[in-house]
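Visitor: Chains as they are written, first to last, in the working numbering: chain Z, 1 to 404; chain X, 1 to 269.
The set of hints was computed from the structure by calculation and includes no laboratory data.
Among the hints, a few may not be true.
If you only want the chain Z side, here are some residues facing chain X, beta carbon under 10 Å, derived [said to hold, decoys possible]:
1. G23
2. T29
3. Q258
4. P286
5. G287
Glycine residues also receive a C-beta, built at the ideal position from the N, C-alpha and C atoms.
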Amino acid sequence: MAITENIIGTLPDERGHFGPYGGLFVSETLMEPLEELRAAYNHYMADENFLKELDEDLANYVGRPSPIYHARRWSEQLGGAQIYLKREDLNHTGAHKVNNTVGQALLARHMGKRRIIAETGAGQHGVASATVAARLGLECVVYMGAVDIIRQEANVYRMRLLGAEVRAVESGSKTLKDALNEAMRDWVTNVDNTFYIIGTVAGPHPYPAMVRDFQSIIGREARTQMLHQAGRQPDALVACVGGGSNAIGLFYPYLDDQAVAIYGVEAAGNGLETGQHAAPLCAGKPGVLHGNRTYLMEDADGQIIETHSISAGLDYPGVGPEHAWLKDSGRANYVAVTDDQALAAFHDLTRIEGIIPALESSHALAYASQLATTMRPDQIILVNLSGRGDKDMHTVAAREGIHL
Amino acid sequence: MSLISRKFAHLKAQGKKALIPFITAGDPIPEITVDLMHDLVAAGADLIELGVPFSDPMADGPVIQRASERALEYHVSLRDVLDMVSQFRQLDIETPVILMGYLNPIEVMGYEHFADRAADAGVDGLLIVDIPPEEGEELQRIFKAQSIDQIFLVAPTSTPDRIQRICDVSGGFVYYVSVKGVTGANHLDLSSMEHKLAEIRSRTDLPVGVGFGIKDAQTAAAVSRLADAVVVGSALVSRIEALADEPEKIGASLREVISSMRQAMDKVD
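Use the sequences and the hints to build the structure in full.
Guide: This is the structure in structure tokens:
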């Protein structure tokens with residue numbers, strides 16, 4: 001398929017379509033609230049006072065801009081391209097998720113909604129939502145799969161400390177997708193006073209576009225920082241893709257630079273060939289789930305199947321519709337790395353650079369390390385280090401037979 | 001005229017309102033679904049809404065979610081549901097059957113192929129919860145070609161413009177969701193319902209059904225004063241759930257609740 005020359009600013013269309021993907025596939029009760037959200041979002045994104053408030057929050061509360069770090073020792077050992085890291089792990093709350101929750105919570109306050117709900121997988125989006133709710137004095141309920149609650153105990157406790165109520169979701173596979181279903185059910189019931197902060201670039205329009213716009217600060221900063229630090233833009237971008245919000249945040253401002261190759265890295269879990277993975281773009285097919293059309297992991301009857309990844313934040317059977325479009329258009333490449341490969345990268349970065357990455361981000365690092373060896377030392381790869389690994393201590397230790 | 005429209009016309013001539021029970025196909029075991037459909041008709045149901053199991057029923061409450069989960073343990077697929085309708089049609093060609101479900105299983109089967117098979121099986125109407133009129137133009141054309149009525153929801157949050165748009169594309173009847181919430185919700189507001197039904201009736205001549213939150217004979221009767229049809233789902237599915245280990249008793253239990261609703265509705269003048 002031909003690559004569109006100028007992508008930025010053209011997608012989605014007014015009803016939220018990225019080519020055949022995206023859209024608004026929800027029950028009638030949510031159509032009007034989504035229209036209200038779309039209108040409010042368009043209004044405030046053109047409102048100077050709102051944007052000023054958002055910028056101030058991002059600077060003084062989140063700690064932006066996040067630095068870019070040249071991982072010299074790791075690059076040298078790999079013997080290929082230079083690897084630079086966009087340090088989203090240094091944001092307040094430890095991941096890129098807060099870029100979006102700060103924006104959506106501000107929007108909620110301006111819309112007069114006093115109650116925030118969110119879904120969470122690894123707990124990072126839940127923590128980021130509970131954080132901004134605490135700061136703005138909003139009630140906050142976070143839905144989390146019962147399986148994930150066990151995997152991410154520490155984040156559950158953080159959310160509770162922040163004053164949020166964490167509700168365990170016992171239906172279906174008891175992971176992120178079920179938490180999303182449950183949050184939607186809450187929203188449909190309490191739509192008058194409730195703002196639903198979706199944590200990724202999925203869901204019905206306007207969420208994929210709105211979350212992308214809030215996360216695009218990552219790529220906008222990177223463009224300026226790379227010029228300053230390396231004198232030029234990178235040859236390749238690499239980011240992990242679950243729902244895909246950190247990835248689109250880095251990719252979007254670069255979409256029109258055809259010289260910059262783009263790689264999204266999905267979770268291959270135990271290996272794509274085993275069927276136990278979370279890689280809808282690499283091994284799924286298009287369908288409709290959670291309000292949008294996109295690539296899904298599904299069986300021959302159209303039922304959504306359970307996914308597997310060592311990383312709770314990537315353990316999702318769908319993916320943002322813009323990624324589906326970027327895949328089909330050929331503008332971005334989507335690849336997958338296994339649990340074991342991600343863990344190896346986790347250890348490498350920790351030991352060689354003194355940075356403990358989140359298991360999600362470790363997938364991006366693993367692919368970048370493979371890619372680097374195919375490139376020259378004067379070339380540059382920019383990896384989005386989307387979160388820090390403190391939350392994953394238990395998972396990694398347990399994998400090595402150590403009980404903390 | 002479709003079977004659904006004929007049914008409503010016939011009821012209207014008799015001064016009666018339609019009673020539409022919902023059960024999930026394959027719940028709790030696939031073998032009894034067709035028998036249960038016949039039981040419902042024998043007890044006084046006018047149309048039947050048959051749920052197509054889906055792994056992620058976002059618009060449903062816990063009761064109907066669990067019904068989907070029970071059916072999916074037996075891998076009940078959209079194909080299986082169509083087979084059940086064919087089997088039902090061997091003994092009953094009068095009672096309209098409406099499938100209710102989510103879009104993804106239909107996408108996977110392919111719109112055209114599904115519409116052909118549904119028409120062959122004897123499906124009269126289709127209610128796809130997660131496809132608003134805006135996203136469904138292609139489907140609407142295909143169903144129309146097969147004379148399958150596509151039923152759309154109107155919600156308490158629907159604006160007058162949206163109600164008009166929905167009425168314009170609806171077939172069979174218009175389905176008013178009586179509460180903001182998921183199926184099985186617990187707070188029926190009759191006065192706001194009355195207001196909204198008047199709004200719908202000012203825009204269409206189609207019959208108007210009401211569902212979500214109808215628990216018992218009393219609420220069914222109250223709603224039937226205002227609406228042309230009463231849809232009852234979670235109240236039946238709860239009974240199925242309670243008897244999931246004794247499926248032979250489910251038919252009698254459903255007959256009991258449907259006939260009590262029928263009687264209460266028919267007493268309403």
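Visitor: Does each hint fit the structure? Answer for all of them.
Guide: Outcome of the hint check:
1. G23: holds, 5 Å
2. T29: Result: holds, 4 Å to nearest chain X Cβ.
3. Q258: Nearest chain X Cβ about 32 Å off; hint violated.
4. P286: Status holds, d = 8 Å.
5. G287: Holds, about 5 Å.
Hint violations for this structure: number 3 only, all remaining hints satisfied.
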